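Mind docking chains B and C with the ligand on chain A? Use the hints.
One letter stands for each residue in the lines below.
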Amino acid sequence: MFELPLVITSKRTRTSRKLKYQYINNLSKKYDGINGISNGQTELPTPENSATETSENEEVGQQKRRRIRKRLKSIIGESYSDLESDEEQPVEEVDNEERKFYRKYEKPQLTFEKWQCDPRKRTPIQRNRINYNRMNRIQRHGLRRMETSLAVASRTNKTFFHATTQGYQLFDPTYGRANTFQLKHIGTLTSLLHINVLKRKWELAYKCFALLIRIPGVDVRTLWGLGERILAERQPTRSLEFLQWMSSVYSTKLPFADDVNYRMAPVFTKGSKTHTPKYTTTWLWECLIRYANGLEDLEMDSKSAAENFQSLMDRISEMVLGPPYMDDPEVWFIYALCHMVKADTLSQQFDPRLTGSARDIASNQVIQHIQNTKSHLQQCSSKGGFTFPKRYIARQLAAFEARLYGKIDAYDMD
Amino acid sequence: QNSQNEEGGKKIFGPEARLLFIRSLQFTLKRQSRWLIEEQKLPQEFDKLVKIIWMKLLKSLENDDNNDEFGEQEDGQTFDSNEDQDRFHELARRRKDKNRYRLSLVSTLAILYMSSVQLGIPIYTCDLIKWTMSGRLPYFKSSEKLPESWRVQLPNYYLGVLEGGKGPQEGQLFTHIARLCTKTDFIKEFNHRVNYECLIFKLVLSNVLPPEFYLFAIQLIRTTSEGHDFELNPDTKPQSWIDLQITAYFLLTIRWVLMYDTESYQVRWIHALIQRQKRQEVSTDTIDQNILKLSQTQKPTQKVFEWTDEEMAQYLSWAEEAFLPLQRNDERLKIDQRIAKRKLHKLFPLESETFNTTSSQVFQSKPSFLNELQERYAFFQGQFESTDHRREEQRVEDDRIKAINSFENLITQELVTEFSISLQQLRLAIKNISHRCFHRLK
Amino acid sequence: MDDGLLPQHFPTGAQLAVGVRGSSMYVPSQEETGKNGGWVRHFEDDMPFNLNELQIGKDAIVLDDPSTFIVEDDDEDGMESLRNLQDDSPVDDEVLDDDNEFNEQWKETIIKDLRWERLSPSIPSNFSVFQGIDFHKDPMFDTRYGSPISPQDYVPGTLINDITQSDYLAAVRRKSKRETEKLLMFDPVVNDLFVAGNIQTARDLRSNSDQQTVIAFCSGETNSILKLAVLPENKLHLANGAQWLQELFAKNVDDELGTFASIDLKASIKSIKIADVSSLLGRCSDTVGVLTENALHFIKIDNIDPQTSHISYSMHEPLKSTSFGDFPFADFVFNPWELQQFAVVDIKGNWGVARLPKAIKPGSRIRFLPNLKGSIFDPEELSNWKRIEWSSSYSKLLIIDASKMVELDIENDWQLEVVQAKTWSYLRDYRRIDDEFGALLTSKEIIIVSTKSGNEQVSRVISWKHCLDPTDQTLRLSIQKMPLGFKMLILTCIFSKGHDKVYVHGFCHDQDRHLVQAVNGPILICMPHVFKGISSMHFLPYNEEERWIASDTQGQKLWLNFLFKDNSTNRLMHCFLTNDELSDPQDQLFVTPERMDAVPSLLPPIARHIDQVRFFIGQTKVTMFEEPETPIAPDSEIFQNFGYQLSEAINGIVESWENQQMDIEQVQPLLSDLTNVPTKYESMEELESLLHQLSEYYRDLGIVLTDFKTISKLLIKEETMNFDLFFSKLLQCWDIVTPNSLSVTRKVFDSILWSILRFYKSANYDKIETELRESLTEPYSEMISHWDEDESQLMGDQTSDD
Ligand SMILES: [Mg+2]
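Residue numbers (the working numbering), protein chains in the order written: chain A, 119 to 532; chain B, 117 to 558; chain C, 343 to 1144.
Bound-form chain A, shown alone:
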């Protein structure tokens, strides 16, 4: 009942997908034909789609480029991200029908679905309704070109195909899945992992996780959240270490290749030139919050929380120099919060009895952090697509500054 942490491809499911997409593509071609949309230009060349519209020739070119890129990558020494390479491959070059379908759509990196919130994309209501005659024409056309593929398909696939094309859905998710010994036990371990995390049985959950990541084919990127949670309960320091491991091993500065049929959605599982992986932001957030709260237990290294905090800020300052972090508003926001926390603590510790240069140094420090907070927030806003309580922060910063001048007026904190 839970999602398996690996990509399953069995002959049966592959064939059934192939049949389905062949049919869908036939339908959609006919439909476009009826509606007078010219061939080849099935999609209106919207800005984000034009990038994915590639002719056959261009596709070959892209593949070539990808190969070169890969080679370059290993030369540059970025090869540690190559754990990815066993998955970076296109799903099946053979499954053209599926590729044809997928190529038409933008593949979002931030979410599983493409969410459209721009009112400018509104169109007038589609008034033309589909009727039986037209539907029938499309369906007949869709089936006509399927005869050969269906003739060689297995009975199961045929039935699956007919059920799907009649608008029915399959009842049993395990239907058609290769339920081998291997997959059954991976499935059992996965279920046990989830069940024990839900029941907060951390020791059992830990063992499930430790076993799963040792099974070849199991992709830790689909499980890292659970791993983080388990470690956070057992050995909090380790959980940060794990997130750091995720971020360093699975980071990439390559653009997301839109023309590849990935089996795995990038959200939660990977990054690209334009997408900071979730484990990296999670790592930064967790570091920030734990260091700020001084929560970090010090058994691992003798560093104090303050030192940890400083090293976090140093790290972020390096990160924001390059993609994808430099364009990620969330990373900038975290950076800003680092300074805000600093400003808060320093202004708290500020001793109003100080005089002279000592006072200037101390207050300058606070002012500096406040300034940094503001400028990083500025950066954050300029990247767009990120909202935060601006006025609230502004009020807080003002309050920090006020502490320096001893004016402890009542600031409404709500």
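No wet-lab data here; the hints were simulated from the structure. Just so we're clear, the structure is a prediction, and the values are computed from it rather than from any experiment. Beta carbons: idealized from backbone N, C-alpha and C, even for Gly. Careful: at least some of the hints might be erroneous.
Chain B side only, calculated, beta carbon under 10 angstroms to chain A, not exhaustive [stated by the list, open to error]: (1) G280; (2) Y431; (3) S433; (4) L440; (5) L442; (6) Q443; (7) A456; (8) L460; (9) H461.
Same frame as chain A, now just chains B and C with the ligand:
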């Protein structure tokens, strides 16, 4: 997958590939035979017999080679690799024309069974299935234990066959035995009488029944069957599978005895039998049995959800000691990837010391099979004695039948799993045996 | 645009999962209170109420059971055997017996082996063929019990044809071989098969009475009967609602009392709805909408008798799908702001808005509003599953199929594909929470979306990755909201037709609806009495929403009553979630095994063979327990005789081996086949030592006797050399359960012992092996030469070979 694409040049095809596949099966068969001798303490001659039957099979392959085509593949096996697919399709179609025997890992189990029959060793299909499905007997992922050079050369569909898939399903093992009997002239040349006594004995023990059920069953068998009734035969129909026939006799005995010996076995006695003990401390054998049950259910998650912490810990220990070793480290990983992997494993170490819950301690001291058995008998008796005598009097005939039915159903479900057969198949065997009994009891 | 209290990506919102807690906001330290800086997070650990404390009730009670259900619907002959047994007069009629068998056979073929669930009606247990009646053998003449329409989802004829004409039936016929894999399809249009909602009739409004909670559910074998009943408000949140609910539904049987309005719609019901009216309207609806196979029915509740709870109703003229277009309806929804208005969508995505006539008079018809029609048809979308919901305002609609969500404004004439799910996920369900929030279930996440009218568009607020199988197309959502302290808790429950687990996750928002957070969770609950999966689930309405209790809820005991339908039995059941302590149902000394009544036997009936069997059992019992006769001779004599005869026999055989060509068959004879084995003896040790001596003697001749140790390892998983030890271990088990254990165990032991003791000559096998190996030709002879190579050696060899 993909690296195999790249190394595609090394793959071999055609008769050459088939030979390598047969050699791989031989390799696995040898490993299995060695495991049985080492772990189950079988005599050294066992290996000799396995070899003899294997050679008999090779001999028959020699004859087949004239009109040869290749491509051994079990139904229901899966191919998780996309290459060779069209090729395989082609083969599959050709294969359908002929109903020839297809070698697979199930064949190796069949050979082990036949060797045991010849030697009169009480190993039954259920034992082999249990050891297989619990990952003890070399079977699953045997492709990964082959010498590396073979693995590289073997085409993917053969590697798929050697993965083991789901394991033998729905009486596959029995049909393989029947087919191999034909192929190897087993009936003509070998001792093919199956020892029914020991199977009945095992069934009686595993169902916590008193010894008279053994005697009843043996008596029923002796009165209603003839010598050749328990001889292996080349018939592939479920009613001809010997282990199933013996099992059918066992079920029939239980039903009849419980039905007509109302004095000795009260309804509450039957109820007590149904209340099987859910034990926390179990022997290795029971754990293996549980793993088997798990592998045979359609939806393992359903089962897993009801597990106690102890059962989960038992499963996880099993996974660590039996399932994980079947996995093979991916040798295609580059050095830096391996370092990264190692670092990850270090973050999540699997040392048993880190797993210091009470349950793991429980697990370390597994009771022996007999200790567990004694406690199960004691539990049953306790259960029986604790029930109210007075209720017995109010019972009607109907209650008795209901109780028998549900007890029988419980056993049936377990048997279906243990022998890896379908209910349908068991039903046919029972039907056949009960007709035989009716006929011969006259 | 007002900033939320928490930072987040726009329009992505907060994306949470186990171990992923999203972005946070720093709350600086406050000198006055001496508080250190803290954090506000999307993932709230500190709810006044802990989801993890919720437990499901131990049992569920069945409220409505539309059909007589047999758990394993493929066991007809078991029932047969029961009947035959009850029938005291043995029927010795061969012909009838054959008839029965014949009927069994085709019934079997038709009913069980067609692996549709209950596509054919289940044959009731009391169905029997009477003797003497001329029974037609043609299956065509079989009387089908009761239901003219199958209670199953409609399956198109072409599909059935396709299956039956292909080798499907052939596969069924050779049932001996394999059970064909179950083909399990479902009609995705089937939605809620029951609903509990608030109804306020016109009379209630006039008399200023409160709304009443009405439950509407489908019943009957074919799911075509709609039943309505009033749930008394004062009992809705009793600690354990089970009892009164059961009583209420029990009255159902008694039609005279009229508690339940029962309406036969003559077609399978696919969905039932009661309008979810906007709180702005300050009133509730009085209409129940029901979607059936071919039409939409609207039942207007005219009056609910305050004393008897009798419901009087009138019905609008059904709205046939043909009056809308060429395709059947897939979903419909009431306008939350205008009670007479509703919208429909058909299976292809055509939608329209219609209006109910104010009064039900002859001739008054439901009319579609002109111009308020359109389509979201997508040739790529194959599934019939569609959803239609009202969005943030009375002119905005959401239309959803598996791969997109379209928002449209019927007044301002625009539409927008808000969600496009063509790549990584599919949409599975959508539930409206209130005017401002909705919950969208995808194959990957539960997403709380904001439909605030202030927003331009529907947008994501917060999501939770549920990790459930993304290929499970039957995932559906059920939600329940309830005020808790200063927050509103929104429970989202995911259930499936594939299993009995419900995945519950919680979200909450504050009174201003600025701060939306996920609560600590999720939890997984297991529904009792569910055999396959859950088809619908609903909480009973929590009518305290208006009374937002702004109090500390720490320690507040919650009882969340919900109803659900199991999709294999179609039974309507009640259960509850609570954080209160559950009292254990008293452990009865005598627990009747579960589902015992439903279990038929696998064995064929004994019928006319009763006497033989009875005689056999009696006979065997006598011989079994008869006291062991004292041996006729002392042990020494018996064993001496036996030893002599045995060695004679062995010698004979060994000699024959030398002289002639032997078959492998004879290489391994059973001792008990060679001579009479002793059965009446006293000392096991004597026997053992005799066998030991023999074994020693023959070892020199290269002849080996079966090692008892090996066998005992296989039988009892430990090596016991000693007969006596083996015996006493068995005795320890059996002593407690049987009288006469000593003699009986002895009998068992003897029987086992003589079934395993064999002897063989090792050299014989060598000889056979050599012969065989020599007869093999290339390439197999080369292959077999590697047999005895060590595994590691082989590994080494191979690598050096290449
Ligand atoms: Mg789609």
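Q. Quick one, is the G280 (chain B) hint okay against chain A at 10 angstroms, beta carbons?
A. 6 angstroms, holds
- Query: Does the interface hint hold: is A456 (chain B) within less than 10 angstroms of chain A, judged Cβ to Cβ?
  - Reply: 5 angstroms, holds
Hint check: 10 angstroms Cβ-Cβ cutoff, L442 (chain B) to chain A | 8 angstroms, holds
- Query: Given L440 (chain B) was flagged as interface, is its beta-carbon under 10 angstroms from a beta-carbon of chain A?
  - Reply: Holds: closest Cβ of chain A sits about 6 angstroms from L440 (chain B), inside 10 angstroms.
Going by Cβ atoms only, is S433 (chain B) closer than 10 angstroms to chain A? 9 angstroms, holds
Report task. Closer than 10 angstroms between Cβ atoms is the bar; does L460 (chain B) clear it against chain A? Give me holds or violated. Result -> Holds - the Cβ of L460 (chain B) comes within 10 angstroms of chain A, reaching about 6 angstroms at its closest.
Given H461 (chain B) as an interface hint, is the shortest Cβ-Cβ distance to chain A below 10 angstroms?
7 angstroms, holds
Interface hint compliance - Y431 (chain B) to chain A, C-beta minimum distance less than 10 angstroms = 7 angstroms, holds
For the restraint on Q443 (chain B), tell me whether the closest CB of chain A is nearer than 10 angstroms. Hint on Q443 (chain B): holds, closest Cβ of chain A at ~5 angstroms, below 10 angstroms.
No hint from the list above goes unmet by this structure.
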